[in-house]
Each structure stands twice: as C-alpha cells, then as structure tokens.
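Chains as they are written, first to last, in the working numbering: chain A, 47 to 154; chain B, 392 to 624.
In case anyone wonders, no lab produced these hints; they're calculated from the structure.
Please read these numbers as outputs of a predicted model, since none were measured by experiment.
Misleading hints may appear alongside valid ones.
[Unchecked claim] Here are the computed lysine-lysine pairs in the DSS-like style, where the Cα-Cα straight-line distance is at most 25 Å:
| # | chain 1 | residue 1 | chain 2 | residue 2 |
| --- | --- | --- | --- | --- |
| 1 | B | LYS595 | A | LYS49 |
| 2 | A | LYS148 | B | LYS423 |
| 3 | A | LYS138 | B | LYS450 |
| 4 | A | LYS151 | A | LYS138 |
| 5 | B | LYS433 | B | LYS423 |
[To be verified] Part of the chain A face toward chain B, derived, beta carbon under 10 Å:
| # | residue |
| --- | --- |
| 6 | ALA59 |
| 7 | ILE61 |
| 8 | GLY71 |
| 9 | PHE79 |
| 10 | GLY81 |
| 11 | ALA120 |
| 12 | THR149 |
| 13 | ALA153 |
Beta carbons are placed, not taken as given, at the ideal position from N, Cα and C, and that holds for glycine.
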Amino acid sequence: MDKKNIILLCLAAAIILSPLILYNGLTEEEGYFTGSDGQGPEYLESQGYEPWIEPIWSPPSGEVEVLFFSLQAAIGALIIGYFVGYYNGLAKGRRQDEMDKKTVKQAK
Amino acid sequence: MHIMEGFLPWQWCVFWYALALPVIAYGVIRIKKVADKHPESKPVLAVVGAFMFVLSSLKLPSVTGSCSHPTGNGLGAVIFGPVVVSVLCVIVLVFQALLLGHGGLTTLGANTFSMGIIGPLAAWLVYKGWQKAGWSILPGIFLAAFFADLLTYATTAIQLSLAFPIPTFDSAILKFMTIYAYTQLPLAVAEGILTVVIFDYIMKLRPDVLETLKVIKPKNEMKTMKEPVKEAI
C-alpha cells in the first residue's frame, strides 16, 4: 500500500477517534454521542409535533438494528474489495506479461 | 441527514418527491447510456455505489459530541455526475428505510434531494471548476467530497426549517444547522480523506475508465508530466 494513503487513513482515524478521547467517560446519559439524525426529530417532538405516519417496519431492538447496519457495511466493503482485488490482479498480470516479453526479446 | 418517517408534513413530501423524481428518471437513462457506451465502467459504478453503502452505514462520533454518518456521495458525483448518484442514493435510502427504520418512504423524496442531488451537484461543480483551473487532481477530489457531505446536511437543515419555521425560518435554520451541519464538519473532512484514498486507487488501477469518462486527462498528457519525474528518481 502507498505510504501516502496509509498516512491519510491514519489522519482520518485520528479525526474520528479524537472525540472518544476528548469526551472519555461521558455517555449518552449526559447527552454525548447521540445521533444527529435522532436529535432533529427529538427537537420537533419537544415543540409539540407528532409524526403523522410510522415506519412500516423498524428493528425491534438495538441488536437487530446493528445487524442490518453491519450488513450494509459488509455488502459495500465486499463489492469494493472484490473489484479492487480483481483489478490489482489484472494489473499484476499485465506487468508480468510485459516482463516475460522483455526477457524473450533479450533471449533472442 | 435522514428525515425520519412522519417528520415531514405530507405537502412537503410531495414537493420534494416532485423535485427528485425527474432527476432520478434522468439518472436511470444516464446509467443505461454509460453502461452501453462504456461497459468497462460498470465495475467502477458498482464500487462507487458500494462506497456510498459503506460510508452511510457508519455513524461516527464528531468533536461536537454528537454522532453522524458521512454520505459517500462525492466520489460517484465526480466520476459519473450527480444524476447517476441520485439513483444510487435511492438504493441506499430504500435499504435503510425498509430494514433499519432509518429515514422513511414518505421522506424518500426529500432525503434523495439532499443526499442524491444537492450534495453530488456541489461535488461535481467543485471538481469541474478545479479541473478547469488545471490544479492537481487529489486536492480537488478532497474538496468535492467535503462539500458534498456538508451541503447534504445543510440541505436537510433547510428542508426542516422550511417545513417547521418555529418561531421563524431564520431561528429554525440556526437550530437545525447546529444539529446537522455543525456536527458534520469534522466528518466531512474525514470523508474527503477517505474519498481521496479510494479515488487514488481507482486512478491507479483503472485510469482508462476515468479517462473515457473525462474525469482525468488522457494518459499521454499525464505520461509526459509523470515520466520525467520517475526517471529522475
């Protein structure tokens, strides 16, 4: 892997992990690490708004929700990994072919 | 940035559907065209869609103390254009609305408008401008993804403020921008970085696809720029 990309990935990890260190010890109960997607509706409900329709189906528990979130990430990662690996193999094969041709030429 | 099921009055649901549907329909036509004309680009389309799948499933902590998820919509917009991303976005949003109770079917139009249209449009405009200026590719990709992520959330804030101007539109937008866009800032930076890494991979492995789609300049030009450097080393 490219050194530049490793540095970039470390940088992204640092951005994501820094809040965990910054607010270490604080939890949901103190209002930390809740989802902004949930804060919007919460605010609207505090203003007296009631949703006019419920989702057809929603996960019965946090565990089941995590299952589907992980599934979503896994499907995505699988597709990316498959094609990046496939292209990588193709590129390697092409380079090998070129090298073989060169050695054949030199032998002649 | 998903507006939950039932949290948008039905008039607004209809309004955003009306705006999003023509774009999605045009996107389907564009995908067919690209797939027919450049079949070799199909796997890249799959990777771009998968990237959205992964990124939008990750809820990441932000320095503001809240969690939010990136969108992954900048990469596809830069490579295939915003209308194609609107279709990919619908797939992601339907998956989340049906299986996760995240977002909703009535709010699908509004959510597609922010994540599938405005965000990608921003990325596309930023990158095209950057390309015209002739600056190097990767910083342009970073900025495109950064603005796609941020503007997706800003659009959600505007959508909610329009529907709920409590007590006025101005104060509502301040409230929703703090909830959505402010939290998103560090995450947009992280998304920009991740997009650069994956774009760099695609550029290395399949430069031909990016060239035919006119995302990067043809190889001969790149080669004349690149090779002397290699030899110097």
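Going through the hints against the structure:
1. B:LYS595 to A:LYS49: Cα-Cα ~14 Å, so holds.
2. A:LYS148 to B:LYS423: 41 Å, violated
3. A:LYS138 to B:LYS450: 36 Å, violated
4. A:LYS151 to A:LYS138: It holds: about 20 Å lies between the C-alpha atoms, which stays within 25 Å.
5. B:LYS433 to B:LYS423: Cα-Cα ~10 Å, so holds.
6. ALA59: At about 9 Å, which falls below the 10 Å cut-off, the nearest Cβ of chain B leaves the hint on ALA59 of chain A intact, so it holds.
7. ILE61: Holds. Min distance 5 Å.
8. GLY71: 13 Å, violated
9. PHE79: 5 Å, holds
10. GLY81: With Cβ-Cβ at 5 Å, under 10 Å, it holds.
11. ALA120: Holds. Min distance 9 Å.
12. THR149: 22 Å, violated
13. ALA153: Violated, because the Cβ-Cβ distance from ALA153 of chain A to chain B comes to roughly 26 Å (cut-off 10 Å).
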